[in-house]
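J.: Sequence:
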Amino acid sequence: MTENTNAIIVEKVKQGDKEAYRHLVMRYQQKVFQTCIGFLQNEADAEDLTQEIFIKAYQKIESFRFQSAFSTWLYRISVNTCVNFLRKQKVKRLLFMDSGNQSKELKGVSEPADYSIEREEQRRMLRTALKELTTMQRKVFVLSQYHDLSNKETAEVLEISEKAVESLLFRARMKLQKAVKERMTND
Numbered sequence: 001m002t003e004n005t006n007a008i009i010v011e012k013v014k015q016g017d018k019e020a021y022r023h024l025v026m027r028y029q030q031k032v033f034q035t036c037i038g039f040l041q042n043e044a045d046a047e048d049l050t051q052e053i054f055i056k057a058y059q060k061i062e063s064f065r066f067q068s069a070f071s072t073w074l075y076r077i078s079v080n081t082c083v084n085f086l087r088k089q090k091v092k093r094l095l096f097m098d099s100g101n102q103s104k105e106l107k108g109v110s111e112p113a114d115y116s117i118e119r120e121e122q123r124r125m126l127r128t129a130l131k132e133l134t135t136m137q138r139k140v141f142v143l144s145q146y147h148d149l150s151n152k153e154t155a156e157v158l159e160i161s162e163k164a165v166e167s168l169l170f171r172a173r174m175k176l177q178k179a180v181k182e183r184m185t186n187d
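Position 84, counted from 1, in the sequence shown is what UniProt numbering calls 84; the numbers after and before it change by one each time, with no gaps.
Please keep in mind that the hints were generated in silico from the structure rather than gathered at the bench. None of the values given here were measured: they were computed from a predicted structure. It is possible that part of the hints are untrue.
Unchecked claim - Cross-link-like lysine to aspartate or glutamate pairs, in silico, EDC-like; alpha carbons within 16 Å at most:
#1 Lys31 with Glu153
#2 Lys90 with Glu121
#3 Lys90 with Asp45
#4 Lys60 with Glu132
#5 Lys31 with Glu11
#6 Lys181 with Glu121
#7 Lys181 with Glu132
#8 Lys175 with Asp148
#9 Lys31 with Asp17
#10 Lys88 with Asp45
#11 Lys88 with Asp48
#12 Lys152 with Glu166
#13 Lys12 with Glu62
#14 Lys60 with Asp17
#15 Lys18 with Glu62
#16 Lys163 with Glu153
#17 Lys131 with Glu182
#18 Lys178 with Glu132
#19 Lys56 with Glu43
#20 Lys14 with Glu62
#21 Lys31 with Asp148
#22 Lys31 with Glu43
#23 Lys152 with Glu162
Using the sequences plus the hints, can you model the full thing?
T.: Okay, structure coming up:
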């Protein structure tokens, strides 16, 4: 689906065509879900937030002015919603001294046992390492690595310069490499 097609569909949605919005949801649902997983590392929360994001997008569709791609606008809503959710979770944990929920395990379908264990260990190391990134580094890393957005597209979504994206991505990768290397030498 091209941006021209998206523009036509968005105009239909603005005129109240709910079927047109269903097409946008079908088109972007998996990408939004992957964005949420990248931030939250929890499938159930990611599913809930994906629904919330599409509700917000529908309610705010009138504010979309075609100054950027629809996907950029939607990713911006996704990132902001995830960051706000994480902030609220952090406050809840501090207030209630909750040790935090363990991430729901993302399991592959019918993988050999040793491969599955190795993949799960890699996921666990990555989740742990991602927590060491700053919020902005995590945003840049998730959009770049999980969604293959270019530096320019990532800059548009986050409303920062391309140079800032390059710098944040470089620092994120360095921190992740260091964290994983330390983890591997400690095991």
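J.: Would you mind marking each hint as holding or not holding in the structure?
T.: Evaluated hints:
1. Of the pairs offered as hints, the one joining Lys31 and Glu153 holds, with about 14 Å between alpha carbons and a cut-off of 16 Å not exceeded.
2. Taking the CA atoms of Lys90 and Glu121, the gap is near 25 Å; set against the 16 Å cutoff, the hint is violated.
3. For the suggested pair Lys90 and Asp45, the alpha carbons sit about 14 Å apart, so the restraint of at most 16 Å is met.
4. Simply put, Lys60 and Glu132 have alpha-carbon atoms about 33 Å apart, too far for the 16 Å limit, and the pair is violated.
5. Proximity of Lys31 to Glu11 is assessed by CA-CA distance (about 22 Å); at most 16 Å being required, the pair is judged violated.
6. A threshold of 16 Å between alpha carbons decides the hint, and for Lys181 with Glu121 the separation of about 14 Å falls inside it, so the pair holds.
7. Distance hint between Lys181 and Glu132 is fulfilled; the C-alpha atoms sit about 14 Å from each other, no more than 16 Å.
8. At most 16 Å may separate the alpha-carbon atoms for a hinted pair to count; Lys175 and Asp148 exceed this at roughly 20 Å.
9. Under the criterion of a C-alpha separation no larger than 16 Å, the hint pairing Lys31 with Asp17 is inconsistent with the structure, at around 23 Å.
10. This hinted pair checks out: Lys88 and Asp45 have alpha carbons roughly 13 Å apart, not beyond 16 Å.
11. Taking the CA atoms of Lys88 and Asp48, the gap is near 15 Å; set against the 16 Å cutoff, the hint holds.
12. Taking the CA atoms of Lys152 and Glu166, the gap is about 10 Å. The hint holds against a cut of 16 Å.
13. Restraint check: the Cα-Cα separation between Lys12 and Glu62 comes to about 11 Å, which is no more than 16 Å; the hinted pair holds.
14. With a C-alpha separation of about 15 Å, the suggested pair Lys60 and Asp17 falls inside the 16 Å cut-off, and the hint holds.
15. For the given pair, Lys18 sits about 14 Å from Glu62 by alpha-carbon distance, which is consistent with the 16 Å threshold.
16. Between Lys163 and Glu153 the alpha-carbon distance is near 12 Å, which keeps this suggested pair within the 16 Å criterion.
17. Restraint check for Lys131 and Glu182: the C-alpha separation of about 15 Å stays at or below 16 Å, so the hint holds.
18. For the suggested pair Lys178 and Glu132, the alpha carbons sit about 11 Å apart, so the restraint of at most 16 Å is met.
19. Between Lys56 and Glu43, the direct Cα distance comes to roughly 20 Å. Violation of the 16 Å bound is thereby established for this hinted pair.
20. For the proposed pair Lys14 and Glu62, the alpha carbon gap of about 6 Å is at most 16 Å, so the pair holds.
21. Only pairs whose Cα atoms come within 16 Å are accepted, and Lys31 paired with Asp148 is accepted, the gap being roughly 11 Å.
22. Proximity of Lys31 to Glu43 is assessed by CA-CA distance (about 14 Å); at most 16 Å being required, the pair is judged to hold.
23. For the suggested pair Lys152 and Glu162, the alpha carbons sit about 6 Å apart, so the restraint of at most 16 Å is met.
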